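Turn these sequences into a full structure, and let the hints steer you where they fit.
Chains as they are written, first to last, in my numbering: chain A, 1 to 223; chain B, 1001 to 1081.
Simulated from the structure, these hints should not be mistaken for laboratory data.
Note that the structure is a prediction, hence the values are computed from the model and not measured.
In this text, a Cβ means the ideal position worked out from N, Cα and C, and glycines have one as well.
Please note that a few of the clues may not be correct.
What the hints assert, rightly or not - Below, in silico cross-link-like pairs of lysine-lysine (DSS-like), each with a Cα-Cα straight-line distance of 27 Å or less:
#1 Lys1018(B) x Lys1072(B)
#2 Lys1049(B) x Lys142(A)
#3 Lys74(A) x Lys1049(B)
What the hints assert, rightly or not - The following label-pair restraints were derived from C-beta to C-beta distances:
#4 Met1001(B) x Asp119(A): 35 to 41 Å
#5 Asp42(A) x Phe1028(B): 23 to 29 Å
#6 Glu1027(B) x Pro131(A): 56 to 62 Å
#7 Gly1038(B) x Cys176(A): 57 to 63 Å
#8 Phe82(A) x Leu1036(B): 21 to 27 Å
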Amino acid sequence: MTERPQRQMFEPGTTIDDLKEYMAPFVARLGYKFNTETEFVDEVLESELEILADTGDIYCPCRVRSGDPKEDAKIVCPCIPFFRDEFAGLRKCWCGLFILAGVEDGGELLGVMDEPDGDVDVPVFLASDVPEGQIRHVKVGKTSIAVAHAPDGFYALSNVCRHAFGPLGEGFMDGCHVMCPWHGWRYDVRDGTTDHPNADVRTYPTTERDGVVFVKMRISAKR
Amino acid sequence: MRVKLYGLSTCPYCRMTKKYLASNDVEFDLLEVDLLEGQEREDAIATVKEISGGKSFPVVVIGDEVIVGFNKVRIKELLSL
Ligand code: SF4
Ligand code: FES
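Spelled out as structure tokens, the structure:
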């Protein structure tokens, strides 16, 4: 296993409270919070501290390391960005340490492992994190989308420009349009249309609830 | 029916699954993958991947059925508890 630099806070003596203090504000930006079952939370974090002492990082207690650092980076806690669609379907992370911010009783979710079929509202970021006139690339499972803050709200479309695959999430907003950062093709973020023939991109229904922006997508991730 | 539990010593759901099976007097074979080393570990991970499609735990095998995660309802059903 290749060595990665250790975070300073992960020195011997790190406590459950240290982990909570560091994780809570981060997962909040992803639309999540700690499970309401506080004893369960402490149990999971206790396991993570043991793993930290053993391996030098806080790997997921419920999944196994492969030994490949790039692969294993996806199971360092919190791992929500790598499993957005799957966890949105479960309404919690795999271990149940975190639950969607809008879930009141995390206890009810603890034994639930069945993912729904079909479309799921996937939280992508806080509305306050992306001011009007901005667009951002978000990876949901294997799909790259661009989520734009247009004058009349949030819209999600494919991240991939049909001209030459430029990343629309890095483009420039102009009213309800995004200009591709590579050669300036313009797309209407509301419906994905463009003036170029046969080059419209796919859009996804987008909603905002309690300050969190959700994109409706089909879940595709595999654990 | 033969019950096999692939688990991790660190995983809270694995502990719950163990407790649940034990409290219902279900006998089961337990393999804690993270406690294995070398080839044995590799083989166990490969097996879990093959039967469950992933690397998430616990994986409970009851007869021909594979349950990923602590799914009390499914376990109950399959073992007629
Ligand atoms: S599944 Fe939950 S506990 Fe496990 S690494 Fe991901 S966020 Fe952490
Ligand atoms: S790739 Fe988007 S304009 Fe060329």
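Going through the hints against the structure:
1. Lys1018(B) x Lys1072(B): Satisfied, since the Cα-Cα distance of roughly 11 Å is no more than 27 Å.
2. Lys1049(B) x Lys142(A): holds, 19 Å
3. Lys74(A) x Lys1049(B): holds, 16 Å
4. Met1001(B) x Asp119(A): 35 to 41 Å: holds, 37 Å
5. Asp42(A) x Phe1028(B): 23 to 29 Å: holds, 27 Å
6. Glu1027(B) x Pro131(A): 56 to 62 Å: holds, 60 Å
7. Gly1038(B) x Cys176(A): 57 to 63 Å: Since the Cβ atoms of Gly1038(B) and Cys176(A) sit about 58 Å apart, the hinted range of 57 to 63 Å holds.
8. Phe82(A) x Leu1036(B): 21 to 27 Å: holds, 25 Å
Every hint, counting from the list given before, is met by this structure.
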